[in-house]
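Full structure from sequences and hints, please.
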Amino acid sequence: MPPIADSILILLLLTNFFILGTANLHSAIRGVALQGLLLGVLPFFVESQATVRLVLLVIATAAIKGVVIPGLLMKALRDVHIRHEVEPYLGFVPTLFLCAAGTALALLFADHLPLAAADRTGLFVPASLATLFSGFLGLTTRRKAISQVTGYLVLENGIYVFGLLLYQSMIVEVGVLLDLLVGIFVMGIVLNHIQREFSSLDTERLSRLRE
Amino acid sequence: MAVYLIIVPLIGALAAFLLPSDRPRPWIVAIVAVIHLALAAAVIANGDVGLASEWLRFDALGRLVLLIVSTLFCICALYCIGYLRLRAERPNRIFCTALLFFLAMTSLVALAQHLTILWVAMEATTLATAVLLYFNQNQRSLEATWKYLMIGSVGIALALLGTLFLAYGARLGIGEPTLLFRDLVKGAAHLPAPWVRTAFVFLLVGYGTKMGLAPLHTWKPDAYGEAPGVVGALLAGGMTTCAFLALLRVYRIADAAGQGGFARQLLVVFGLLSMATAAAFMVGQRDFKRLLAYSSVEHMGILVLGIGIGGAGIFAALLHTVNNALTKGVLFLAAGNIHRAFKSKRLEDVTGALRRLPISAGLFLAGFFAITGSPPFGPFVSELSVLTAAMDRHRYVVAALYLILLAVIFIGMGSTVLAVVQGVPPEDAEGRSFRESAFKTVPIIVSLALVVMMGVWIPGWILTLLHAAARLLGGS
Amino acid sequence: MSAILVIAGVSLCMISGLPSLVTRRASVVTTVLIVAGGVTGLIGAMLGLTGGTAGLLLPWHIPGGALAIRVDALSAFFLAPVFLLAGAGGLYADRYWPAARMRAGYVRAFFGLMAGALALVMCAANTILFLAAWEVVAVSSFFLIATEHEQAESRSAAWIYITASHVATLALFAIVVLLHGVTHTWAFVPLAAGTGAIPVGQALLCLAFIAFGIKAGLMPFHIWLPGAHAAAPSHVSAVMSGVGIKMGVYGLVRLLSLFDAVPSAFGTTLLLAGIASSILGVAFAIVQHDLKRLLAYHSIENIGIIVMGLGIGVVAQTHGQPLLAVLGYAGALLHVWNHGLFKALLFLSAGAAIHSAHTREIDRMGGLARRMPWTAAAFLIGAVAITGLPPLNGFVSEWLLYVAGFTSITGSPHGGPALILILVVPALALTGALALACFVKAFGTVFLGAPRSEAASDASEVPATMRAAMVPLVLGCAAIGLVPALFGPILGRAVHGAAPRLPMPATLAALLQPIQTSALVIAGIAIAAVLTLLAVTRRAATALTWDCGYAEPTARMQYTASSTARGVVGLFGWAMRPVIHAPRPFTLFPSAAAFESHVPDTVLDRALLPALRGARWVLGFARYFQHGRMQLYLLYLGVTLVALLAWSAR
Amino acid sequence: MTAVLQLLLVVLTAPLLLGVITRTKAFVAGRNGPPLLQAYYDLGKLLRKETVLSSTTTWVFLAGPAVAVVVPLLASLLLPLAGPHAPLAFTGDLILFVYLFALSRFFTTAAALDTGSAFEGMGVAREITFAALAEPALFFGLLALARISGSLSLSQLLTVDGTSWHKASAALVLIIASWFIVLLAENSRVPFDDPNTHLELTMIHEVMVLDHSGPAFGLILYGSALKLFVFSALIADVALPRTGNPLIDAAATLGAVLGIGVVIGLVESSMARLRLVRVPQLLIAASLVAGFAVVLVLR
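Line order of the protein sequences matches chains A, B, C and D. So the first sequence is residues 0 to 210, counted in numbering that gives the first Met the number 0. So the second sequence is residues 0 to 475, counted in numbering that gives the first Met the number 0. So the third sequence is residues 0 to 649, counted in numbering that gives the first Met the number 0. So the fourth sequence is residues 0 to 298, counted in numbering that gives the first Met the number 0.
Everything labelled a hint here was simulated from the structure, so no lab data went into it. Positions of the beta carbon are idealized from the N, C-alpha and C atoms, including for glycine. Among the hints, a few may not be true.
[Claimed, not checked] Estimated spans, in silico, between C-beta atoms of each pair: (1) D/Leu275 with C/Arg605: 25 to 35 Å; (2) C/Phe624 with B/Ala399: 41 to 51 Å; (3) A/Val92 with B/Ser20: 53 to 63 Å; (4) B/Ser436 with C/Thr49: 37 to 47 Å; (5) C/Gly50 with D/Pro83: 58 to 68 Å; (6) B/Ser436 with C/Ala151: 31 to 41 Å; (7) B/Val268 with A/Val92: 27 to 37 Å; (8) B/Ser436 with A/His192: 39 to 49 Å; (9) C/Pro219 with B/Ala399: 17 to 27 Å; (10) C/Ala202 with B/Gln136: 33 to 43 Å; (11) B/Pro19 with C/Phe624: 46 to 56 Å; (12) C/Ala151 with B/Val2: 37 to 47 Å; (13) C/Arg605 with A/Ser198: 48 to 58 Å.
[As the list claims (entries may be wrong)] Derived SDA-like pairs (lysine to any residue); straight-line CA-CA distance at most 20 Å: (14) D/Lys44 with C/Leu257; (15) D/Lys24 with D/Pro194; (16) D/Lys48 with C/Val535; (17) D/Lys48 with C/Trp545.
[Claimed, not checked] To list a few chain D residues with every Cβ distance to chain C over 10 Å, as calculated: (18) Leu6; (19) Leu52; (20) Pro64; (21) Ala117; (22) Gly161; (23) Ala238; (24) Gly254.
Structural data, given as structure tokens:
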């Protein structure tokens, strides 16, 4: 496990903080795009010999996670004329604290999971769990539908990180990509409808069904 | 031959999508459903194991789920003919296509022996149902769809991570990261415990969200409340059953890996918690479709409780899966009729349904008595069996809680259901247009008849199928 | 043979309603079917009582289930009244609820179903079959109570009924499963010696007290009973009250018969509960304005008497006084028959009165004896019987219990534990006196005096079939009352079935012989005297009632039922809290005003319903957890995940 | 033989008791009241009078008087008035004894309600309420006696011999006291009711028979006389020792009964009617006294 991978993972964690910390939807989406690119290049440093599959995977991941989906979100943001503040339920500082705590917990929890010799030095498991957690934070503390989508993306990235540990079994990234594609694709459609019906993406409007 | 179970619906979906006019589409759905049921019957009859491949083949569990889903879908499809005729003002292209796609994917779930395929199929059902939920295309249904989609996707993502954990555990224990059900079970002994436990937690939360176990059920009342009755039936009887199947597969692996005790603990907790939550929300529930949603939560709870009790509980849970699906069919379809006739699903507007639509309301009432475990209906047998299993395993506290919760749920559900069906209907001309045509009632009656059959005379082959499935899960 | 006849009767009853469901014209078919079913079953039961035990086993394809029928003395004893009342009720319904009336088919169908299932409960040898039949009875009775669900009153009655009954059913679930746990079979088999002493046995007994107590309408589980019996059609009330609540008694007796020794404490509990419900039941009955509610409360009283008898049996058996135990069981079981007969008779005749007077309000009837003499006579016989007066059947069973009470004081040693049984004597005395008060009031206000409403003065005698349905019941009351010794052997067998470990009681017939003699003497002389006096005064002149100088008495001046009951209400103020709406005249010439008073059921209206409302209010807080925001829902997901991960890492 | 003797005793001498009571009251009041046999004259006169029936009434109205006469006669057969054994004696006859009077109460009250008169309804209400309170007292007494004699038949129960007087004299005295109160209540004497008042509103028994006339009314008078006699005889039986010789015993019974009549007369002339609200208290007191007797014998 080359150290570069680890440093990329560190960067990944930092982007988590950035995405949760920024007050602006644009920069949040940019953060997601950055994460996508990081994940895109990550396989190079996991696998030593470059195969066609590797290249394809890198290109696909980088393109989808780093370009296509953020682009879609940007477009959605442009179409809907809403203020670009994130408007969280929970303030930024507490969110960041929670994120830090989550990361720490992830490190702790990862310790009791046995690893293969090859991966033992890596940060993969904790990074994956931490990213998952910050994805959850994004989903639960943000008001706008779009920022929830970004939260979901972060969560997916976390899963993807772990997926790389199972590079051998093709099935993994297929799963991830499929999930992302359909998930975000459908969400895009629904966002579109929401925009049409409610002329807003504020989920406050989306809490009429209740006891 | 088994592969046609997937291909036929897909072709049907394509046809439905390409067909220009709305009228004949419901018929396509119905025809495909009937063919599918026939195929399923054939598969189950001659014990066809499916493809040669290790990835797609039928075991007893798969056959059981296939049977449930195919039957329920056939009933719903026939009902759809009447329903979509009633809702002729809406375009039904997407709806019908999604229905058939849903059928294909559920069959795939039943067939899958590889955890990733299983997962992909579940994901696909999520999407199909999301489309179905949005049939009414109003703000409320949109909100419901949005919530369903978000929560469902998060859940399914967690399930994926859990699957990956299992694969990694396999890589450590067995040497290669297989996700083949058979290999995992065979090599389960070597799987490292922490990975199995963590994976089980993720998969439980993931598929539990799809099942709608409390506190992961939050999408259910909204979705069931806003969806057409027929979609509710398919969700409550079909999709949840598939999710339960996925959970069972995972449980089997955990059990084989020596984590059975841990898994059963979690399942018992989830089961009782779901029943308790359902009870709390049923008491004083003013919306009879949301009521059914909570009833579904309750019965998912009973299912996992049965598994969590283990032993004879597994058989009981599987039996209850069948009964629950069929009874939910009755309840949701009848509720759909009442909803359509009164143009409302709140108690404020809906009373005296027995007077306005005797058949549907009567069926609704019968469904209520069935689902709360009165003979001569199927759930009576299965709910009693769950209790028996609990007592045999000396889980007296669990048994006591189970009984008390059943009592509370009966009270809560009954007060709402009776308020709907009894009394004098409000005097308004609106909704009088609704007619209880054959298509809108006969399928429900058939479904009820099946429920009665399950309570009075369970056919031998179903019993053998159930026993085989239970044995597969290490039950008796 | 008997089993086959019984099962034939059951099936006939169950299917009897189907023709009426199909077409209105098939009402006669239904009647014929159910009467046939009743007769067949009755013959079967009688064979079972005189002959030996018979069984029947058919397969039933559900786990643990089997269609196992077993007609032993005990079952047969309980079956006989079921079939008798089923037939009588079916005949009565033919004109009481004619095809023209609303939901006729519905009523006939569920009535048949209920009666058949009821019989099935009494002869099921497989616990799951027992449970299933039990629940079928419960649900079909619910539909019958809710027949007129357009009225809020019967809606709530049906609702309370089905709720209570479902609680009972769940307790029964537990009983059945526990039984399976200790016997490892789904059949009723005797429990291992000493089961009564171990926790499982005690749990069984507690659950039995709840489940069967609720079904039997024992205080304080009686809450469902008055409303239900008032709301249901009269022939249904007759069956529900005459034999329906006996389901609970049967279950209790059957379960007790499986134990080798029941803890004495349980017997004492039964005794005290029985005393409470007999006294309070009749006390509440006295203050009712609704004829059917009144009768319903009397069911509570009589169940109390029966349970008292069972209590005597259990206590005496545990303290080794077989004679006393036999007396207790015999009294209880005979009272099961008697109550079935006279309560059904009362409900049918009351139904006839209600049918012609178009009201259930006692204070709006009156003077019906002149207009419907046969019904009046039937009701009078029922009233004398239920009051436990010689020479009718009620006296015989109560006499047995009295004798038991007295035997306990003469027979038991100094400070013997069985001395608690002497409580039976004052309890029965008070109950009997109050019951007399109640039925004098009821009979007097409904049938005697002057009509209190237009409808009552226009009332006319009911059709012949309805009267015919009462005949067998009258005959039954008279037979058991006048020649009780005849029934001694049957009773003995039943007692043996109920308490197999007691010596087969042979003395009952001998014991009852003198009662028989004196009953015949009393009946003969009294009837002779009345007839002579009637003959003497045949030509008597008639005039207005002498009202102490007031020459123009009107019907409104008569003493009302509630004022007749006032004295007793005063005595029971500690248990009953009457609600009185009295006008307060404040002007010199007060305008027209109305006085109204009623007594709510203390347990239901003052304790249970408020408690339920409170529980509902508390549960209301759960709503905040489902308050619409998806972020919160996702939070639940995350929290669950983290919590479970923490658990898994342990 | 004894049966006939006993029956004659009851049938013939019952009205005499009424005479004794009125004479006693007259004596105490210093008047020389009606002749001793006045009751017989009244009966004779009433039997000759014609009957007038209320137009609302049915056969129940006449069943009342008939039963009211038959019942005390039958009940008297259960008591050992002449000789050690009653004509009709069996285990548990004591219950029959009490319930016979319940039977008569049922029909007399029903007959009263048959007229539809407010006053008679009032009387019924009182009668049934007070009877409900008197019954337990009677049964407590019987319980105590059963414990003492160890038997369930009035014949042994009531023939209390010296030894048991020696054993349980206190209990027996209590029983007699409580039963005397019951007797006054059951036969509607002072202090519960005043048989010769004329304020309908205050009466219990008399107000129930306002509408009866002629032979029926005669039967009612005779019936109440019989009832009074039987109750007195019951108490007398407890008090008296038995010789076994029918004639002597019969004479003794008659003497004791007439003695009780004198006591009743004294009570009636020494105290006034209680207010109705006080009546239940007195009856409950009677029950408590008898209950205490039970406690004594169980001790």
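Quick rundown of the hints versus the structure:
no.	hint	result
1	D/Leu275 with C/Arg605: 25 to 35 Å	30 Å, holds
2	C/Phe624 with B/Ala399: 41 to 51 Å	25 Å, violated
3	A/Val92 with B/Ser20: 53 to 63 Å	59 Å, holds
4	B/Ser436 with C/Thr49: 37 to 47 Å	57 Å, violated
5	C/Gly50 with D/Pro83: 58 to 68 Å	46 Å, violated
6	B/Ser436 with C/Ala151: 31 to 41 Å	33 Å, holds
7	B/Val268 with A/Val92: 27 to 37 Å	35 Å, holds
8	B/Ser436 with A/His192: 39 to 49 Å	32 Å, violated
9	C/Pro219 with B/Ala399: 17 to 27 Å	22 Å, holds
10	C/Ala202 with B/Gln136: 33 to 43 Å	56 Å, violated
11	B/Pro19 with C/Phe624: 46 to 56 Å	47 Å, holds
12	C/Ala151 with B/Val2: 37 to 47 Å	59 Å, violated
13	C/Arg605 with A/Ser198: 48 to 58 Å	55 Å, holds
14	D/Lys44 with C/Leu257	68 Å, violated
15	D/Lys24 with D/Pro194	13 Å, holds
16	D/Lys48 with C/Val535	12 Å, holds
17	D/Lys48 with C/Trp545	17 Å, holds
18	Leu6	12 Å, holds
19	Leu52	5 Å, violated
20	Pro64	7 Å, violated
21	Ala117	5 Å, violated
22	Gly161	20 Å, holds
23	Ala238	22 Å, holds
24	Gly254	29 Å, holds
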